[in-house]
Amino acid sequence: MAAKMKVIEGSMAVAEAVKACRPAVVSAYPITPQTHIVEDISQMIADGEMQNCEYVRTESEFGAASMIQGAEAAGARSFSATSSQGAVLMYEVLFSIAGMRLPCVIAMANRSVSSPLSIWNDHQDAISARDNGWIQLWAEDSQEAADMIIQAYRIGEDHRVLLPVMVNLDGFIITHTYEPVELYDQKMVDEFLPPYSPVYALDPKNPVTMGSLAQPEVYTEARYMIHQAQLKAKEVIEEVALEFKKKFGRYGGGLIDAYRMEDAEVALIAMGSIIGTMKDAVDEMRAEGMPVGVVKVRSYRPFPAEALRAALKDVKCACVIDRDISMGMEGALFTDLKAALYGKSKADILGFIAGMGGRDITIDDFKGMARKGFARIRGEKVTDMEWCKLDTDILPEGS
Amino acid sequence: MAAKEKLTIGLVAKPGGTLGYKTGGWRTFRAVIDHEKCIGCKRCADSCPDGAPYECAHDGKKKKFCVDYDYCKGCGICAFECPVDAIEMMKEEK
Ligand code: SF4
Ligand code: SF4
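Same order as they appear, the protein sequences are chains X and A.
Per the working numbering: the first sequence ends with 427, consecutive numbering throughout.
Per the working numbering: the second sequence ends with 98, consecutive numbering throughout.
These aren't lab readings, by the way, just hints derived from the structure by calculation.
A few of these clues could be false.
As the list claims (entries may be wrong) - Label-pair ranges, simulated between beta-carbon atoms:
hint, chain 1, residue 1, chain 2, residue 2, range
1, X, E267, A, I13, 53 to 59 Å
2, X, E82, A, D72, 37 to 43 Å
3, A, I81, X, E82, 33 to 39 Å
4, A, E9, X, A102, 22 to 28 Å
5, X, A102, A, D74, 30 to 36 Å
Keep in mind the model is a prediction, meaning the values are calculated, not measured.
Glycine included, every Cβ here is placed at the ideal spot set by N, Cα and C.
Chain A on its own, in the form it takes in the complex:
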């Protein structure tokens, strides 16, 4: 067995450690962005507590947003905030 990593005082850690916590598994609803409606305003990304929405390539012409489902925990804030109602909260089928 590999030696266990020692704790530091105050649990000071390397940066970016939370990237390892995939919170997507908590989700009951998934945020799905309709690229026809999305105007690329970035409000979903700014309001998401997990930074899950990100700018995607889409058709390469217009700025659109997608959701990283490793981290989207389905809170629905982005859907509430989206000015053009481009985000639908869809029930996860498990």
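Isolated chain X, as found in the complex:
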């Protein structure tokens, strides 16, 4: 049976993908703009569409993360979803899940972090969780977010990896938008994603200790092993994306994806839903004869340093757009890209902070950034890092 195309909300697309992955435990705590995902799943369970799945309503995000940690420790495939403050409340457990090498999957409906309070979209929540050992994948649209959920289990549960995976989708822009999405044929997903087979699991008949104290003699080695698993995940992410393409006919990229990068002198580089707008901006500029392309970072952790070096090898100026800021430094992707290219590329790199707290970034904004890239190539004075559309009129004196 061919899979059917349906116009549904992004959250529902993710819920459909989760259902197809047959998790044994889903934990839920509501937070905007994630709530629809777990609401949709709870409806599916109530309707009897998800057999053998325990739906646990928890008292907080800390509880929601702890619940899937326990479930995975017992060898059960699990899922949860969160956003913003909720993700921040999960941080302690997120570290612990990765350290215990439990391949949980979480959908992160990306949102700004308080204060000031904002329910709108940017990438600060996930970016601030980048060092906890979780694999971070970033989706461009509903279809990719849903497909990524299925790929996430394959990647995380791979015995070469055994790490949790966070699937990032932009809050509201993806979670609340209705788009045509191709849904899943259960049999095909079952063929693609076999049941989870843990290396270790809690079992009263064969007790083990998990997550216990590590003395200085072994802690470094344990952290090294997590890092190696992240590096190993680079090849697994590519493999799984290609295998997914073979099975389902869709491919959103491996570690990265490139759009109109042939002969590009300027590249726009970002993550998430803005990639679509960037492609439109590039199409318009290409029509005007400007050699510009888009590089989409699909895996932020592990960081695709080699893939980016290859994609940018002939580029003269790379413009990195961050919807986040490492306060006192700069955008996180900007910093990482510079580190990856240091001493290995002649490309100039410009950073742009844009789209914070739900501020729109338009085609014209991206064209403006690309033009700055061309200006830089011509040797004109262009600042290294810019806050896009910063309204200096409303800043108090002295700021």
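Using the hints provided, position chain A with the ligands relative to the given structure of chain X.
Quick look at chain A with the ligands alone, frame taken from chain X:
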């Protein structure tokens, strides 16, 4: 030299491994239970973060509690919790 034990993924270990960590050496004060006062309620054992208090034979008639000094790190929680003030925190003489 014996071959070093290999680490497992996620440092999964045999159960009961923490028994090997004798935390008693951290102690400045030791919890000492007065068996004349102790009513055997077990609250000290339930509240101790290290599970150090245990039921002891005493005189064989009444239930009383003692402290395992391999693990008592001297936090004083049991002394605070004891309903009959049977536990005194005594300075360790080293
Ligand atoms: S002092 Fe602390 S560690 Fe020692 S027995 Fe009492 S509660 Fe336990
Ligand atoms: S809490 Fe006090 S009375 Fe109760 S068992 Fe312990 S020492 Fe005895």
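Discussion item. To test your reading of the hints: which numbers does this structure violate?
Written reply: Of the numbered hints given earlier, the structure breaks just one, which is hint 1.
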